[in-house]
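Going down the list, the sequences are from chains W and A. Be aware that the first sequence starts at 115, since it is given in the numbering used here, and climbs by one per residue. Be aware that the second sequence starts at 952, since it is given in the numbering used here, and climbs by one per residue.
In case anyone wonders, no lab produced these hints; they're calculated from the structure. Computed from a predicted model, the values in this text were never measured in an experiment. Glycine included, every Cβ here is placed at the ideal spot set by N, Cα and C. Please note that a few of the clues may not be correct.
Unchecked claim - Straight-line C-alpha distance at most 25 Å; calculated BS3-like pairs for lysine-lysine:
id, chain 1, residue 1, chain 2, residue 2
1, A, K1049, W, K184
2, W, K167, A, K1049
3, W, K171, A, K1007
As the list claims (entries may be wrong) - Facing chain W, according to a computed beta carbon distance under 7 Å, are these residues of chain A, among others:
id, residue
4, L999
5, A1032
6, G1055
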Amino acid sequence: DAGITQSPRHKVTETGTPVTLRCHQTENHRYMYWYRQDPGHGLRLIHYSYGVKDTDKGEVSDGYSVSRSKTEDFLLTLESATSSQTSVYFCAARDSNTGELFFGEGSRLTVL
Amino acid sequence: SQQGEEDPQALSIQEGENATMNCSYKTSINNLQWYRQNSGRGLVHLILIRSNEREKHSGRLRVTLDTSKKSSSLLITASRAADTASYFCATSMNRDDKIIFGKGTRLHILP
């Protein structure tokens, strides 16, 4: 699994509260990605990073921000959580040589 | 809208039969990948095929790519119960670091 760990794995929060999900990798991959997975939608790209302090928007970036201050960590922040952000969030890192994505086990977020 | 769309959305077959899933996409790609997801787990990479390749094999998996039709297929031969999972295609477009997934095909292998 290329050492991708996500934290927390489960979180319940209330509407309007800030939430930060953390993704940590141990393989020094340059590219990292955040996806959300919802029934009927598959995986949708939120934001991605192509290096330290280098990030870009994905398909569904509204309401989310990201930061990458170190190669190994990619943070996803919901500044003010809404019920529509209830989802399972997956982080992935890409092997630049093979193109393969390595995924974490997911973070299940419930916004009440 | 999403780049890739898998077809069918769900597929049930008897153990030992072959399973075929298709993926169609909208714009030119650099490569196309297939992933498997077991229930409640992260996705696992199966195979990558580049835009200049037409067919690729890995064990019981066979992937084809038709860039003129903007489509790919994943064939799993001699299916097993352990193949029960969701399968996703993911595309990487030219000069773009985004990797976009489709909605997936749920495969159920019947004993």
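### Agreement of K1049 (chain A) and K184 (chain W) with the hint, judged by alpha carbon distance not exceeding 25 Å
Within the cut-off at roughly 20 Å; holds.
### Task
Grab the minimum C-beta distance from L999 (chain A) to chain W and call the hint holds if it beats 7 Å, violated otherwise.
holds, 5 Å
### Query
When you check the alpha-carbon spacing of K171 (chain W) and K1007 (chain A), does it fall within 25 Å?
violated, 32 Å
### Task
Could you check if G1055 (chain A) really has its C-beta closer than 7 Å to a C-beta on chain W?
holds, 5 Å
### Task
Return the status of the interface hint for A1032 (chain A): holds when the least beta-carbon distance to chain W is below 7 Å, violated otherwise.
A1032 (chain A) check fails; min Cβ-Cβ to chain W is 22 Å, beyond 7 Å.
### Query
Under the criterion that the straight-line Cα-Cα distance not exceed 25 Å, is the pair K167 (chain W), K1049 (chain A) satisfied?
At roughly 17 Å apart (the allowed maximum being 25 Å), K1049 (chain A) and K167 (chain W) satisfy the hint.
The structure shown violates the earlier hints numbered 3, 5.
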